[in-house]
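Sequence lines, in order, name chains A and B.
Sequential numbering of the first sequence, starting at 1, is according to our numbering.
Sequential numbering of the second sequence, starting at 112, is according to our numbering.
FYI, nobody ran anything at the bench for these hints, they're computed from the structure.
Take these hints with a grain of salt, some might be off.
To be verified - Straight-line distance between alpha carbons at most 30 Å, and here's what the computed DSS-like set of lysine-lysine pairs gives:
1) B:K177 x A:K57
2) B:K177 x A:K56
3) A:K103 x B:K177
4) A:K41 x A:K68
5) A:K68 x B:K177
6) A:K67 x B:K125
7) A:K56 x B:K125
8) B:K177 x A:K3
9) A:K37 x A:K68
10) B:K166 x A:K67
11) A:K67 x A:K37
12) B:K166 x B:K125
13) B:K152 x A:K37
14) A:K68 x B:K125
15) B:K152 x A:K3
16) B:K177 x A:K67
17) B:K131 x A:K56
18) B:K125 x A:K3
19) A:K98 x B:K152
20) B:K175 x A:K56
21) A:K103 x B:K152
22) B:K152 x A:K57
23) B:K125 x A:K40
24) A:K68 x B:K175
25) B:K131 x A:K68
26) B:K152 x B:K177
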Amino acid sequence: EDKVVQSPLSLVVHEGDTVTLNCSYEVTNFRSLLWYKQEKKAPTFLFMLTSSGIEKKSGRLSSILDKKELSSILNITATQTGDSAIYLCARSGGSNYKLTFGKGTLLTVNP
Amino acid sequence: GAVVSQHPSRVICKSGTSVKIECRSLDFQATTMFWYRQFPKQSLMLMATSNEGSKATYEQGVEKDKFLINHASLTLSTLTVTSAHPEDSSFYICSASAQGANYPLHFGNGTRLTVT
Numbered sequence: 001e002d003k004v005v006q007s008p009l010s011l012v013v014h015e016g017d018t019v020t021l022n023c024s025y026e027v028t029n030f031r032s033l034l035w036y037k038q039e040k041k042a043p044t045f046l047f048m049l050t051s052s053g054i055e056k057k058s059g060r061l062s063s064i065l066d067k068k069e070l071s072s073i074l075n076i077t078a079t080q081t082g083d084s085a086i087y088l089c090a091r092s093g094g095s096n097y098k099l100t101f102g103k104g105t106l107l108t109v110n111p
Numbered sequence: 112g113a114v115v116s117q118h119p120s121r122v123i124c125k126s127g128t129s130v131k132i133e134c135r136s137l138d139f140q141a142t143t144m145f146w147y148r149q150f151p152k153q154s155l156m157l158m159a160t161s162n163e164g165s166k167a168t169y170e171q172g173v174e175k176d177k178f179l180i181n182h183a184s185l186t187l188s189t190l191t192v193t194s195a196h197p198e199d200s201s202f203y204i205c206s207a208s209a210q211g212a213n214y215p216l217h218f219g220n221g222t223r224l225t226v227t
């Protein structure tokens, strides 16, 4: 059973569209929920969410955690071709910040 | 910000040889480092957790004798793929965190291993 489930697995949009990526997680030993963007190499950090209902924002990207629903969303507004990447959601748990990743959402933004 | 350096970025080796990958935390002391493996178009799979000064904790299904992990100092962990086979070809990524630090793990740039 997957501890972190992302949807959709892939998404193709046009520049300027707004997208919402979903992530649901298992609650056992939950500490925080993290979002990463992965292009060709290693993931780069986007957001870390610990408290429910507080939106975190960085430019056109924003994310929020819903602890009641055990889920999080990542929004990207006015998408650009440079947003094309795999977006990974991960939950951290336990005392050593061990991360469990979802399978990712492959986002393709066409011009 | 916190930086993790991983070396080499790419390595090609012959079957039966061993390959060592290094992961260094450049501006903080990493009491814990994590090693992940990623197959094409798949997510990162945790292989093992490396704690400074103690034995690594391996995830289920990961052979500890195959993937040797050493975390001898607070800034360096190494992963050695022993007697590599073509099926070991993959993208290996490390990440690191500091004790008590409530900030996200930072990742190295990964190592693309190809075993011929």
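Exercise. Can you give the numbers of the hints that this structure goes against, from lowest to highest?
Worked result: 1, 2, 4, 5, 6, 7, 10, 14, 16, 17, 18, 20, 24 and 25
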